[in-house]
Structure formats: structure tokens, C-alpha cells
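Colleague: Residue numbers (my numbering), protein chains in the order written: chain E, 1 to 339; chain C, 1 to 116; chain G, 1 to 111.
A hint or two may mislead.
[What the hints assert, rightly or not] Across the chosen pairs, the derived CB separations fall in these ranges:
1) M1/C x I34/G: 19 to 25 Å
2) K217/E x I34/G: 48 to 54 Å
3) F53/G x V189/E: 55 to 61 Å
[Stated by the list, open to error] If you only want the chain E side, here are some residues facing chain G, beta carbon under 10 Å, derived:
4) Q155
5) P158
6) T159
7) L194
8) G202
9) D244
10) A274
11) T321
Please keep in mind that the hints were generated in silico from the structure rather than gathered at the bench. Beta carbons are placed, not taken as given, at the ideal position from N, Cα and C, and that holds for glycine.
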Amino acid sequence: MLAGHRTWIFEQKPVIISTGTVGGPFEANGAIPDDFDTLHADLWLGQDSYEKAHKILFEEACQKAMEKGGIQKDQVQFILAGDLINQITPTSFASRTIGAPYFGLFGACSTSMEGLALGAYIVNTKGAKYLLTGASSHDTAVEKQFRYPTEYGGQKPPTAQWTVTGAGAALLSDSGEGPHVTSATIGRVIDMGLTDPFNMGGAMAPAAVDTIEAHLKERNVEPSYYDLIVTGDLGQIGQEVSMDLFKKHGTPISEEQYQDCGLMIYREGQPVLAGASGAGCSATVVYGHLLNRMKNGEFKRMLVVATGALLSPLSFQQNETIPCIAHAVSIEYGGEQLT
Amino acid sequence: MIYFWAFVVGGLICIIGQIMFDVFKLTPGHTLSALVVIGALLDGFGLYEPLIDFAGAGATVPITSFGNSLVHGAMQEAEKHGLVGVLTGMFEVTSSGISASIVFGMIGALIFKPKG
Amino acid sequence: MSNNQKKQLTPVQQEYQKLQKQREIKRPVVKNCIKAFLTGGLICLIGQLISDFYIYYFDFTEQTAGNPTVGTLIFITMLLTGFGVYDRMAQFGWNSCTCNRFWQCGYIACH
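Let's have the full structure, built from the sequences with the hints guiding it.
Modeller: Rendered as C-alpha cells:
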């Protein structure tokens with residue numbers, strides 16, 4: 001059901017019956033290694049290119065989700081997923097292996113919630129019984145695509161972020177046991193005219209703020225309704241700037257409830273500069289760490305706002321500004337729910 | 001003493017590059033090209049040769065010497081062969097650096113796998 | 001950013017950019033420069049040693065020793081790149097590395 005201009009309320013409350021998360025060596029050294037289902041010690045995953053390794057990441061995340069949910073791959077009706085590489089080949093190639101009907105999505109690092117929102121909509125309208133949604137990224141493959149190959153040795157400024165090597169997938173169904181997807185707000189493309197590809201957080205913050213404020217207004221809830229409002233990969237700068245914007249707009253969001261996946265995944269002391277980023281960042285943290293905490297009863301309602309910078313390597317070389325987007329999805333488990 | 005000046009002059013050139021990158025926010029590629037141009041200009045004014053005499057490797061190792069070599073070679077050959085010499089001369093003097101890069105680069109690409 | 005581009009921004013964009021600028025982590029320019037100076041100087045010092053070696057043993061002159069010196073440094077870079085050390089060095093003292101001919105080989109090797 002549409003509420004307001006761009007918010008969907010899911011009356012059937014689709015369930016995330018299981019998830020699969022896969023990480024690389026850098027994530028294994030991070031702050032939340034226990035929340036990954038599989039961790040790889042080798043960045044190559046035994047493949048002969050990083051892009052092939054990227055594909056394996058997503059394949060494994062999907063397989064893990066199906067295994068944990070007790071679902072065979074021929075029961076999966078749709079896959080809605082994407083990544084950051086040209087023509088999203090890693091995801092498409094992984095979907096070839098799984099064999100289910102497939103929607104390839106591109107929302108940069110917001111793909112995880114774009115997929116979850118669309119997936120929940122399909123399940124909510126009985127368009128599917130089981131579907132898989134997720135996102136993935138691979139640090140070296142993404143660096144090569146968007147900046148320079150790491151061996152080139154380009155120096156990064158402190159505003160830069162570290163792309164997560166990882167994949168997260170969720171199995172959605174109309175019934176079963178697990179956290180419910182209750183609503184989603186789709187983001188607009190927002191461009192504040194920033195051009196620095198080494199400062200994504202600063203560029204994406206206004207998109208996150210726009211979507212969060214639209215969500216609260218259209219779902220007609222106070223920020224305190226949520227125990228946690230978590231952004232995808234704003235990093236240190238983006239988080240501070242968006243907090244400034246909330247204060248300026250008078251939106252009562254407290255610093256304790258407003259967190260960022262990009263600041264959760266790595267430990268202090270890892271050379272990640274302003275934080276983590278990448279399509280795999282929000283996917284692994286939400287489908288791993290945060291849902292685990294939710295199932296442990298640490299909190300009951302969260303709003304996940306995955307943020308994405310919709311630039312291409314070509315567009316910033318041609319001095320185009322960086323348009324950004326953010327999609328919000330509310331996930332609730334236990335406790336009273338709005339109807 | 002030449003070691004001391006090699007260190008200081010080489011270091012100073014690197015500081016110039018770092019400032020271009022950090023303060024003027026040039027990309028690595030732009031910084032590099034700018035330094036090549038600076039080297040070429042300095043040689044055009046006849047200032048690079050004395051710098052090499054003064055600082056040795058401090059002036060020959062940084063990328064600015066590439067610009068210097070380009071202009072130097074072009075001028076040298078231009079004296080001998082006229083306008084055509086400009087084109088041939090440029091590559092005559094710089095060829096060793098470029099070919100070393102290509103050959104060693106190829107060897108490196110064959111032997112090693114990128115580490116990421 | 002040039003003034004020309006700034007003029008095309010809407011007031012909302014300009015206001016946001018001002019706000020954003022305050023939160024942006026400043027680049028540690030002085031620290032970077034010191035690092036660049038030390039690493040760059042060190043590389044040139046090594047270059048001078050190699051250059052003297054060529055002059056002493058191989059009959060090169062002050063003027064011509066530059067070529068084999070650069071060649072040797074490029075070879076060293078290739079090894080460092082191959083062993084995955086170079087990118088870490090570069091993050092430490094970026095220009096020291098990029099300014100020096102070093103770079104060329106690493107670039108070709110990693111493509």
C-alpha cells in the first residue's frame with residue numbers, strides 16, 4: 001500500500017527467513033568477524049581474477065542463505081541483486097549458476113535496500129513465495145574500476161573510504177519465522193554538486209537525510225519509533241554532516257540511535273580512513289551483524305538506509321558532479337508493530 | 001656533499017608534487033604531467049643542467065628529469081637535423097627510461113600476480 | 001573548483017557544500033610533505049649511490065649515468081610492486097614514489 005508519495009507499507013509483512021554473508025580477509029580482521037557465515041583468507045578466493053572472486057562471493061552468500069532457510073534453488077522464484085562492476089557482471093554470472101529468474105539492479109551502494117524494498121513489494125503482493133535479494137562488492141575489483149589499481153600506488157586522502165570485500169543475501173518469504181520487512185521508502189536522486197570521488201560520504205549525506213525525513217513523515221512515525229536508524233556507508237564525514245542536517249531541520253534523531261554500517265564493520269586501527277563503503281558494506285552488516293543482534297533481542301525496530309553514489313569512472317573524469325541516492329527499509333522483529 | 005644535495009633537492013621536488021596533490025587536488029596523473037612540464041620548462045631556460053651538476057641523482061631521478069630529457073634531446077637533434085630532429089631527438093634521449101619501464105613492466109606482469 | 005563552476009550551483013547546493021566543508025577531514029598537508037621529503041630524498045640518495053656505482057665501475061660520466069640509474073630504480077620498483085610493497089610505500093610518501101620514475105614500471109606491471 002502506498003503511503004504518501006513514495007513509501008510502501010507491507011501489510012503481509014514479508015519475512016527474512018534466512019541470510020547468508022560472506023567476507024574477505026580484511027573483514028576477518030575487522031570488528032564483527034563472528035557475524036559472517038563464511039570468511040575467506042584469500043582475496044582471490046582461488047580464482048584467477050578479482051572479478052571471478054567477486055562472483056563467487058555472491059554465489060556463496062546466496063547458497064548459504066538457501067541452505068540456512070532449507071530451500072532448494074529451484075524453489076527460489078526471483079533474484080534481485082546487483083554490484084558495482086561494469087554491467088553488474090559478477091551478480092549476473094552468479095545468478096547464472098543459481099538459475100532462478102533474475103532482476104539485475106544498480107543502485108551503487110544502495111543496491112542492498114533497493115533489492116529488499118522491491119523484493120518485499122513482490123512478496124507482499126503474492127508475486128513470489130521465495131525470493132533472494134542481496135548485494136556484493138570486492139575491494140580490489142572496485143578500486144580498479146573506480147579509482148586506480150592498488151598497485152599503482154595512488155595516495156588516498158583521509159576522506160576516502162575502504163570498499164568492503166563481501167556479499168550479503170537474504171531469503172524473503174511471505175511466511176515463516178524471522179524479522180519482518182514492514183515498510184520501504186524509495187529515494188530520489190539528490191545532487192549537491194560535489195565532485196570529489198574520494199569523499200563519497202559528504203556527497204551522499206543529503207540523500208540519506210532526504211529519504212529518512214520523507215520516511216518519517218509518510219509513515220507518520222517519530223524517529224524514536226525506531227531503536228536504530230542505520231545508514232549504509234556514509235562513513236565518518238557523511239554521518240557527522242547528516243547529523244548536522246537533522247539538527248538544522250529540527251528532526252529529533254539522537255546520536256545513539258543513528259549509526260552507520262561503514263563504521264561498524266572494521267576495527268579501529270585498520271587503514272580504512274573515513275570508514276567502509278561498497279555495495280557489500282550495508283548488505284553484510286545488515287544481513288549479518290544487525291539481524292543477529294535483532295534476533296538476540298537487543299533491539300526491535302530498525303530503519304536501514306542504504307546510500308549510493310551514482311557516479312561512473314567516466315562521469316567524474318568528465319567533471320560531472322556526483323548524484324546520490326538512498327533507500328530506506330524498516331525491519332522489525334518482536335514488539336508491537338504498526339498495522 | 002653531493003649525497004646531501006641529492007637528498008634535499010629530490011625531497012623538495014617531491015614536496016612540490018605533494019602540494020599539487022593535497023592543496024590543489026590534482027589527480028596523480030595530472031601531478032605527474034605537471035612535473036614533467038616543469039622539468040621541460042626549466043631545461044628550456046637552461047636551468048636543469050646546472051641543477052644536475054649540483055644535485056646529481058636528486059635531479060635525475062625525479063620525473064622532472066623526463067621533461068628535461070625530452071626538451072634536451074629535441075634541441076640537440078634539432079641543431080643537427082632541423083625540425084625533424086625535434087621528433088626523433090625526443091625519443092632518442094628518453095628511450096632508455098621508457099624501454100626499461102616497458103621491459104621490466106612486462107617481466108613483472110608475467111611473474112607476479114597483483115596482491116591487491 | 002573554478003569560480004565558473006561555482007556560479008552554476010544553486011543556493012541550496014552552495015549552502016550544503018559550505019556545511020560539508022566544515023566536517024571534511026583536512027588533509028595533513030605538512031605531515032605529508034615531510035613524509036614526501038624524507039621518502040623522496042631517500043630514493044634520490046639511493047639513486048646517487050647507484051649512479052656513482054655506474055660511474056666508478058662502468059665508465060659512465062656524470063651526465064650519462066642518469067639513464068642506467070633510472071633503469072635500475074625501475075627494476076627495483078618492479079620487484080617492489082610485484083611483492084605488493086609498493087602501494088603501501090606510496091600511501092606513506094606518495095609523491096616520493098610517484099614523482100620518481102619508479103612509477104612508470106609499477107603502472108605498466110599492474111595493468
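Colleague: All the hints need checking, so say for each whether the structure fits it.
Modeller: A quick look at each hint next to the structure:
Evaluation of the 19 to 25 Å hint for M1/C and I34/G yields a pass: the beta carbon distance comes to about 23 Å. The given range of 48 to 54 Å is respected by K217/E and I34/G, whose C-beta atoms sit roughly 51 Å from each other. A hinted range of 55 to 61 Å for the beta carbons of F53/G and V189/E is consistent with their spacing of about 59 Å. The criterion of a C-beta within 10 Å of any C-beta in chain G is met by Q155/E, whose closest approach is roughly 3 Å, and the hint holds.
The beta carbon of P158/E is positioned within 10 Å of a beta carbon in chain G (closest approach about 4 Å), and the interface hint is therefore held. The criterion of a C-beta within 10 Å of any C-beta in chain G is met by T159/E, whose closest approach is roughly 6 Å, and the hint holds. Given hint, L194/E at the interface with chain G, holds; its Cβ is 7 Å from that chain's nearest Cβ, closer than 10 Å. For G202/E, the suggested interface contact is upheld, since its CB lies about 5 Å from the closest CB of chain G, less than 10 Å.
Against a cut-off of 10 Å between C-beta atoms, the interface hint on D244/E holds, since the closest Cβ of chain G lies about 6 Å away. Here the hint on A274/E is kept, as its CB sits about 7 Å from the closest CB of chain G, short of 10 Å. Checking T321/E against chain G by beta carbon gives a least distance of about 9 Å; that is within 10 Å, so the hint holds.
In terms of the numbered hints stated before, the structure departs from none.
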